[in-house]
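Please work from the sequences and hints to get the whole structure.
Take 1 as the starting number for the sequence shown in the working numbering and just add one per residue.
Simulated from the structure, these hints should not be mistaken for lab results.
Glycine included, each C-beta is placed from N, C-alpha and C at the ideal position.
Wrong hints could be hidden among the right ones.
Stated by the list, open to error - Listed below are the simulated DSS-like cross-link pairs for lysine-lysine, each with C-alpha atoms no more than 30 angstroms apart in a straight line:
1. K232 <-> K764
2. K214 <-> K164
3. K698 <-> K743
4. K698 <-> K713
5. K331 <-> K258
As the list claims (entries may be wrong) - Simulated restraints on C-beta separations:
6. Q449 <-> H750: 53 to 59 angstroms
7. D577 <-> L636: 41 to 47 angstroms
8. N224 <-> Q449: 45 to 51 angstroms
9. F524 <-> V129: 26 to 32 angstroms
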Amino acid sequence: MKRSHLLALAVLWVVLPGWLGANVVTNMDVAMMPDEADFTQLWWAAGPPGIMNSKLPHGGEILCFQSGRWGLAFDANHMRALRAGEWLRPMNEEQALQPGRAALEDLPAVAWDCAMTIGGQRFACVGHVTESDPFFQPVRIVESGRFFQRVVIEGLRFADASGKEFPGDARLEISAWPDRLAMNLELEPKSASTDGTVTLRLGDRQESAKLSPKTIVRLEVFGNGEPLPNLKADPALTVGFDDALGCQTLHLPEGPWKDLDFPAQLDALDRWSLTLTNDSDVPTVARLMFTQNNPRSITGFTPMLCDPDGTPTGLLVQISKDWHENAEKGKVPHQGPWFHGFAFIHLPAHTKRELLFQIVYARYGGNFAASLAQLSLIGWGHNQFWDQAAIGSFGESICFEPGRVQRRCFIDDLRPLMTLPYGRAAKPWGWAENCGGGDFLMWQDAQGQYQPMCATHTDYRAYGPCLTDAIYSEESAGGEVAARMEVSVPRSQDYLRVFIHLRYDVRHPMQWQRLAFFQLGADFYNDTPARRVALGDVNGMHEEWEPKRARNIYDRRDLPMIGAQPWISIHGVETADLQPGLADASRGLIVRSWRAVLGGRVMPQPYASFFCTESDKDNYRTVIELSPPPDVNELLPGDFVEADLELVVFPAHAAAYYGPDKAFREALDQEADTWRLVQREAAGNALDVQVKTGAVLKPYPVILAVSRRQSAKAIIRGGVGCLPLTFTGLSQSRGYRLLMDGKPVDQSVHGNDFWQTDYDVLTKSWRQTFNIPADSGARQTVELKYAP
Numbered sequence: 001m002k003r004s005h006l007l008a009l010a011v012l013w014v015v016l017p018g019w020l021g022a023n024v025v026t027n028m029d030v031a032m033m034p035d036e037a038d039f040t041q042l043w044w045a046a047g048p049p050g051i052m053n054s055k056l057p058h059g060g061e062i063l064c065f066q067s068g069r070w071g072l073a074f075d076a077n078h079m080r081a082l083r084a085g086e087w088l089r090p091m092n093e094e095q096a097l098q099p100g101r102a103a104l105e106d107l108p109a110v111a112w113d114c115a116m117t118i119g120g121q122r123f124a125c126v127g128h129v130t131e132s133d134p135f136f137q138p139v140r141i142v143e144s145g146r147f148f149q150r151v152v153i154e155g156l157r158f159a160d161a162s163g164k165e166f167p168g169d170a171r172l173e174i175s176a177w178p179d180r181l182a183m184n185l186e187l188e189p190k191s192a193s194t195d196g197t198v199t200l201r202l203g204d205r206q207e208s209a210k211l212s213p214k215t216i217v218r219l220e221v222f223g224n225g226e227p228l229p230n231l232k233a234d235p236a237l238t239v240g241f242d243d244a245l246g247c248q249t250l251h252l253p254e255g256p257w258k259d260l261d262f263p264a265q266l267d268a269l270d271r272w273s274l275t276l277t278n279d280s281d282v283p284t285v286a287r288l289m290f291t292q293n294n295p296r297s298i299t300g301f302t303p304m305l306c307d308p309d310g311t312p313t314g315l316l317v318q319i320s321k322d323w324h325e326n327a328e329k330g331k332v333p334h335q336g337p338w339f340h341g342f343a344f345i346h347l348p349a350h351t352k353r354e355l356l357f358q359i360v361y362a363r364y365g366g367n368f369a370a371s372l373a374q375l376s377l378i379g380w381g382h383n384q385f386w387d388q389a390a391i392g393s394f395g396e397s398i399c400f401e402p403g404r405v406q407r408r409c410f411i412d413d414l415r416p417l418m419t420l421p422y423g424r425a426a427k428p429w430g431w432a433e434n435c436g437g438g439d440f441l442m443w444q445d446a447q448g449q450y451q452p453m454c455a456t457h458t459d460y461r462a463y464g465p466c467l468t469d470a471i472y473s474e475e476s477a478g479g480e481v482a483a484r485m486e487v488s489v490p491r492s493q494d495y496l497r498v499f500i501h502l503r504y505d506v507r508h509p510m511q512w513q514r515l516a517f518f519q520l521g522a523d524f525y526n527d528t529p530a531r532r533v534a535l536g537d538v539n540g541m542h543e544e545w546e547p548k549r550a551r552n553i554y555d556r557r558d559l560p561m562i563g564a565q566p567w568i569s570i571h572g573v574e575t576a577d578l579q580p581g582l583a584d585a586s587r588g589l590i591v592r593s594w595r596a597v598l599g600g601r602v603m604p605q606p607y608a609s610f611f612c613t614e615s616d617k618d619n620y621r622t623v624i625e626l627s628p629p630p631d632v633n634e635l636l637p638g639d640f641v642e643a644d645l646e647l648v649v650f651p652a653h654a655a656a657y658y659g660p661d662k663a664f665r666e667a668l669d670q671e672a673d674t675w676r677l678v679q680r681e682a683a684g685n686a687l688d689v690q691v692k693t694g695a696v697l698k699p700y701p702v703i704l705a706v707s708r709r710q711s712a713k714a715i716i717r718g719g720v721g722c723l724p725l726t727f728t729g730l731s732q733s734r735g736y737r738l739l740m741d742g743k744p745v746d747q748s749v750h751g752n753d754f755w756q757t758d759y760d761v762l763t764k765s766w767r768q769t770f771n772i773p774a775d776s777g778a779r780q781t782v783e784l785k786y787a788p
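Put into C-alpha cells, the structure is as follows:
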C-alpha cells in the first residue's frame, strides 16, 4: 500500500468516530468543496520539446491533458488529437498519477480535423512553425495549476495535398477545467479570399465558421452545460464572462506594479466581497477567474477565499502569473505582467454562498508569508513549465522547472532571504542575488548518456500563505524508475527553508556511470563560488575540506553520512570571484529521515559524493550529491529510496541580513559562511514531539492528527525559527482554537489572518497550518481545541 494511502487511513482512523459522534459535519460545508475528480493535469508524455545540454533525440511532442473525468493526448508537432475520452468512472488524482500512463494510452483513438476549404481546395493543419529562437517557442504554457490549464500553439501551418501552404496567421488554444475541455482556433488570412469555411472536429463534436479577416472557431469537447450561478461582487470588481474559457471573471482594481511601500506596508492586505447564488433546481459549479494586470508585489502574494469575517475556508485559489516582457523582442500574446487566479466551487440547488476574496502580500499574521505560483515564461522565452515560491513580496526564493528545459536541472533560481547583495549599493525589500541550481534524480546510464525524465506532473496541494505544498511525479523514458517529490516552503522570519520528501521506486534494472538521488548545485547551474564543504550530524562536524578545482571529475565519492540527521554544508564564498547577480550565500542540505533498499539490500544511511564542475573558464564549483553506496552497481526491481530532506540558504555576511530575527542575527555575527549554521538548524529542529491527544504523523515539519473529539495536544521540545504546525482530520473549516502552554494564540493583524486552511478531498476533511515561534532547547505544549 502506498504511503499516501496509509496516511489517509491513519487520519480516518483518528477522526472518523469523531465525525459520527460530534455532530460537527455539515453537508453544506462538504458539498461546496471540490470532490475527488476536481483537478486538472498537463504534461509532456516524452518530456518537453527540447532540453538544453542533452544530446538525446526527443520522443515527440505529445501533450497530455487530464482531469478526473476526461483525458486528451494531443500531438502538438503534427497538430492532431490522438486519443480522447471520458473515463467510465471518475478517478482521483492518486489514480491519475500512477506510473505507466505517460501518453494516456488507455484512451481510445479519436477522429480529428482542423482544416479550411476555399473554392473546393482543402488546406489541412499540418503542424506549427519551427523557431530557432527559444523566446518564440510556439507551444506556450499560459496557465497551469490545480483547476485550470491553458496552452496556446502559435504559428499553425495549413497546406493542401500538394504541400502548398495557405498564407495566414493562426493559433490554437486548448483550455481545461475539471469538468470542461475546449478548443479555440483563430485564423487571420493574409490573402483577400473570403469564400471559404474553417472546420474544427474532435470525435463527434464539430464546429465550423465562414472564413473572414479574423475567423474564430470554438469547440467544446467535454462539458455538461449546467446553469451558471448568479455572481455579485464588490463594486470595485468588474464581473464578466469569458466564452472561450468557460468561466465567470472578476477583474481586480489595478495600480502600478510594485506600488507597496516597504516596510510601511509589509502587512498590506486587500479584500473584496462576492456572493454566489444557485437559484436552479439542479446543482452547478462556479468556475471563477480573478484577473489583474500590473499586480502589485507580483513576486510574492497569496489569494484566499474566506468567510465574510475573514476566516479561511479551505477553498483553494490557483495562482498563475507572468511578469515577463522583452521590449527588444517585441510584444507577444499573453506576455506579462498579469495575475490570473482560478477557483472551482460547487453549489447545490437553491443555495447561496457569501465569500471574501483576499490577497496576502509580504506578511501574514505579522510573519513573512510563503507563496507558490505557476509562473508563465511567455515574454522570457522557452515558454514551458516553471514554478516560483517566495517568502515575502520581494523576489523569488526558490524556483522549480518541471521538464528541466533551460539548465537541465529541476531546481533553478535560489536566493537567500532578506539579504542585500555584496559589494554594491542596494535597498532592502528587493530581490536578493541568486545561488541557484539543484536537481532531483540525475541518471547517466552505463554508457555515460544522460537519461531525462518524462511525463512530469505537478500536483498543487497548497499555494500558501503559511506552508506551500506541491508534488512532482515523473518517470524515466524506459520505465526503469518512478519518482515522486513533495516540496514545501514555510513562512519565515530568518532564512529560507525548503522541505523535500523523495520517493523513488525502481521497476526495471538500472546501471550507471553517474547516479544522484539529489543534487545541491547542478551540472549546468551552480554559479556561486563557495569553496569549502563539510559533513556532520546534530552533534557537530565530522570533516571539512576544500574540494579540487577541476572539471567533470569527482573530488570524493560515496562517503557515508553517519549520525543522527546528517548534513552537508557548502560555504567559504570567495567574494572576489562574485559576479553581479550571484549571491554571497552559503547552503546546506539536511537528511531528516532515510529509508532505502538498493541492490536488494537495506541501506540504513545515505551516502554523499562531491562532483567538480566548471561554470566558466577557471570558475570551479562543487556539486553535492546523495549517491548510491560504493558496493552497489545495479538497482533492481523493488528497490526504493524514501527520504525527508531540508534545504537551507544563509547570507554569507552578517551585515547583509536585514530581517527581524534577533537570534539568527546573533548566530550570523559568530558563524556566517561556516558549517555551524547548518548544524544549528539540523540540531535545533531535530524536534522531540510527545503526543498527549491525537497522533503524530510527522515530527518536522510537525503534522498532528486530531482525536475523535476533534482535538490534538503535544509537547514539543526544541525548535529554531517559526515552526510549521499542521493539524489534519478537522471535520470543518472553522471553530478551532490554538493554545500554547494553555494560552490562546492570536497572531492576527487584520483579524483571522494567521492560519492556513486546506481541504483534503480523499478524507473530506480539513487541515489547518500555523507557524509558531520556537527557541532551541525550549519545551512548549501546543493544543488545538474545537471551540465554536
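Each hint tested on the structure:
1. K232 <-> K764: Given pair K232, K764 holds - Cα atoms ~28 angstroms apart, limit 30 angstroms.
2. K214 <-> K164: holds, 21 angstroms
3. K698 <-> K743: holds, 24 angstroms
4. K698 <-> K713: It holds: about 14 angstroms lies between the C-alpha atoms, which stays within 30 angstroms.
5. K331 <-> K258: Answer holds: K331 to K258 is near 21 angstroms, not above 30 angstroms.
6. Q449 <-> H750: 53 to 59 angstroms: For Q449 and H750 the Cβ distance comes to about 55 angstroms; the hint holds.
7. D577 <-> L636: 41 to 47 angstroms: holds, 44 angstroms
8. N224 <-> Q449: 45 to 51 angstroms: holds, 48 angstroms
9. F524 <-> V129: 26 to 32 angstroms: Given about 28 angstroms between the Cβ atoms, the range holds.
The structure is consistent with each of the numbered hints, conforming to all of them.
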